[in-house]
Amino acid sequence: MTDGDEDGRSADDRRPTDGRGERADGGETAGLDTGTRSEPGSDADAGGQIDAETEPATAAETGSSTGVDTEPDDDLPEGADGETADAAESVVVDSSVRETNRWAGVAAVASVFGGAGVVVTSPALLLAAVVGIAYAAYARAGRPPAPTLSIDRELEDGDLEPGESVRVTVRVRNDGDELLPDLRVVDGVPAELAVTDGSPRHGTALRPGETETFSYAVTARQGTHAFEPIAVVARGFTGDAERVQRIRVDAELRCPPAEAETDLPLRSLTLPLTGRVETDVGGEGLEFHSTREYRRGDPLSRIDWNRRARGQELTTVTFREERSATVILAVDTRTDAYRRPDETGRHAVDRSIEAAVAALDALDAGGNNVGLASFGPHPQWLAPGSGADHRASARRLLATDSAFDLSPPESSTSMLYVQQKRFRSRMPPDSQVILFTPLCDDDVVRTAQLLEADGHLVTVVSPDPTGGETPGERLGAVERAVRISTLRGAGIRVVDWPADDSLAATLERSRRRWSA
Amino acid sequence: MNKYAIVGAGLVLLGLAFVAVPELTGPLSLGESIVTVIGVIALLQGLRTARDRRHADVGQTELPTPERPQELPTPGEEIDATIESGDVTFGRQGRKLNERLERAAVDALMLGEGLTEDEARQALENGTWTDDPLAAAQFTNAVPDWAPWRVRVRTAVRRDRPRRARRAAAEIARISGVHDDE
Chain A
1 MTDGDEDGRS
11 ADDRRPTDGR
21 GERADGGETA
31 GLDTGTRSEP
41 GSDADAGGQI
51 DAETEPATAA
61 ETGSSTGVDT
71 EPDDDLPEGA
81 DGETADAAES
91 VVVDSSVRET
101 NRWAGVAAVA
111 SVFGGAGVVV
121 TSPALLLAAV
131 VGIAYAAYAR
141 AGRPPAPTLS
151 IDRELEDGDL
161 EPGESVRVTV
171 RVRNDGDELL
181 PDLRVVDGVP
191 AELAVTDGSP
201 RHGTALRPGE
211 TETFSYAVTA
221 RQGTHAFEPI
231 AVVARGFTGD
241 AERVQRIRVD
251 AELRCPPAEA
261 ETDLPLRSLT
271 LPLTGRVETD
281 VGGEGLEFHS
291 TREYRRGDPL
301 SRIDWNRRAR
311 GQELTTVTFR
321 EERSATVILA
331 VDTRTDAYRR
341 PDETGRHAVD
351 RSIEAAVAAL
361 DALDAGGNNV
371 GLASFGPHPQ
381 WLAPGSGADH
391 RASARRLLAT
401 DSAFDLSPPE
411 SSTSMLYVQQ
421 KRFRSRMPPD
431 SQVILFTPLC
441 DDDVVRTAQL
451 LEADGHLVTV
461 VSPDPTGGET
471 PGERLGAVER
481 AVRISTLRGA
491 GIRVVDWPAD
501 DSLAATLERS
511 RRRWSA
Chain B
1 MNKYAIVGAG
11 LVLLGLAFVA
21 VPELTGPLSL
31 GESIVTVIGV
41 IALLQGLRTA
51 RDRRHADVGQ
61 TELPTPERPQ
71 ELPTPGEEID
81 ATIESGDVTF
91 GRQGRKLNER
101 LERAAVDALM
111 LGEGLTEDEA
121 RQALENGTWT
131 DDPLAAAQFT
141 NAVPDWAPWR
151 VRVRTAVRRD
161 RPRRARRAAA
171 EIARISGVHD
181 DE
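The listed protein sequences correspond, in order, to chains A and B. Residues 1 to 516 (the UniProt record's numbering) make up the first sequence, in order. Residues 1 to 182 (the UniProt record's numbering) make up the second sequence, in order.
Since the hints were derived computationally from the structure, they do not count as laboratory data. The C-beta atom is built at its ideal place from N, Cα and C for all residues, glycine as well. Please note that the accuracy of each hint is not assured.
Over the 10 angstroms line for every Cβ pair with chain A, so calculated as not near, a few chain B residues [said to hold, decoys possible]:
no. : residue
1   : L28
2   : P69
3   : E113
4   : R161
With the Cβ distance kept under 7 angstroms, some of the chain A side facing chain B (calculated, not the full set) [what the hints assert, rightly or not]:
no. : residue
5   : T100
6   : P409
7   : C440
8   : T466
9   : A477
This is chain A alone, in the form it adopts within the complex (with noise of 0.2 angstroms):
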């Protein structure tokens, strides 16, 4: 496997440029992310990149490599200084030594059999630990190597839809000038892709220039994946110590959500405009709401003719009227929604979020105004608006914003006072609030009762996180029908969502019920 060309390079050029030439061959730099995540000093953020992708529909499939060298010194300034050129370097984020204590034993041996074999004047015991003395000697000689890898990831190309797998390639070069025994590497999977196929650890040994690949394959889900840091472990001949590097190869998998669009119906509060939500108005419309007398004015086509023809009054016809509204949907992300039921299954955000998505295609197609909110410690609005644009610039805050990131929020997990208060002031009058949350905690509760009592109207998607194997986990599901309960208490509509049905068929039972 060794890449007969790549020998004859220089040191010196080898390095900056190894990542762009690969790339051009490749041809893989259509969607080449370059953001930067868990790097000490990096400016860049995840503001660059919702930039660097216009189109959601296109799932970015990126390769990027470079050579890496030992000393963390050498890159990481060039990373931090933000050189757009070496943006996508990949660096190794840290580096460490560290004793396997393998061959503690036997010096132990040796020093008491050559102890003891002195103290009894015994030639065969003495011989003995000249064995062990050398086993020793011969572990102290090795040290850990230090290697000069480049290392690249591709990812599989096409466009993406949740539920597919998507086959990542991983390649690691050795690029120092010493052979590598033991060398094992670990792909920084993203938090929430599954690994379905293969598996993301290769164990290797690697001359110099030689090459080495692996795959394996993950299930995409709806969002922007980054992958973590690859970790990897390098010993010597004798295993002594290992040198323990983690190495960042940006790359991120996008996959844009399911376009499913499924009807959530509307609560009655609406503006003065033509939509599909139906109201309790009599006026212009399809479905018949009731009969009143005759007014000047009123259009020919709408007098009850038969009724006039029998000879009676003049009676104009009323249709019930289906006016739009506004509507905000408010994303729950606060730590505690990041819940699953079990170790596999979906966690509610990401559950959320799907919702959300499909409630906001639904609600859009039906003339509404729809805005964005995530009520959580990252504040992200977007205001009511309408339209295709409008649509997609949502639909991407969902699929790659930081306010919407499918883990857990690292820094301030926790909402304020302040940002609750804000959060439901900002709500525009007259404007119903889609909240979508797995109702796991009180706070949420009294925010659905306040915004309800601000004069919003008020609905509850919840995606069910609880599971049933404990008596704990069981507790926790009646405390959720409990917050259930009082929030249908309160004349909030809530949607219960099962977590192994599927959103329509919940949403429809759901719309039965309350029309019924």
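Since chain A is already given, all that's left is putting chain B on it; use the hints.
Okay, now just chain B, sitting in the frame of chain A:
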């Protein structure tokens, strides 16, 4: 090259020199005893290393497990953790657990059995809300009189607070119609 290696190499050279030219040891006037002393030092050093080895495990870096989705809690998991820890009577955690159980029990009785709040609290105090003596004992602090004598004997000899909490949680779930997954 650390300093120990230099000292070690020097000592080995010195030893070889003594072997080659035994007369060199003359001025040191060393007898047989020095051999024993060196042997004892080596033995002690060996024992010390063995002791160190016993305390330090053969280690290797724990590699991450990126194959699975990140670990996130399930609602109610912390209740199980508190019960597991056995710290269910005293301390902040224990008090919180008891409050939570009581509130859930009252809510469950109100929603599931249609009692008023007062009736529900009364039922908890009297231990009549359930036919599980251990669950009833969670809120009455004593196993009720109607419990079979075997249960009363067993609770008298065994510390069973965590069990009471667990049974009460299960009983509350049963009343609310939440069943286990299996």
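Hint by hint, here is what the structure shows:
{"no.": "1", "hint": "L28", "result": "18 angstroms, holds"}
{"no.": "2", "hint": "P69", "result": "6 angstroms, violated"}
{"no.": "3", "hint": "E113", "result": "13 angstroms, holds"}
{"no.": "4", "hint": "R161", "result": "14 angstroms, holds"}
{"no.": "5", "hint": "T100", "result": "6 angstroms, holds"}
{"no.": "6", "hint": "P409", "result": "13 angstroms, violated"}
{"no.": "7", "hint": "C440", "result": "5 angstroms, holds"}
{"no.": "8", "hint": "T466", "result": "5 angstroms, holds"}
{"no.": "9", "hint": "A477", "result": "5 angstroms, holds"}
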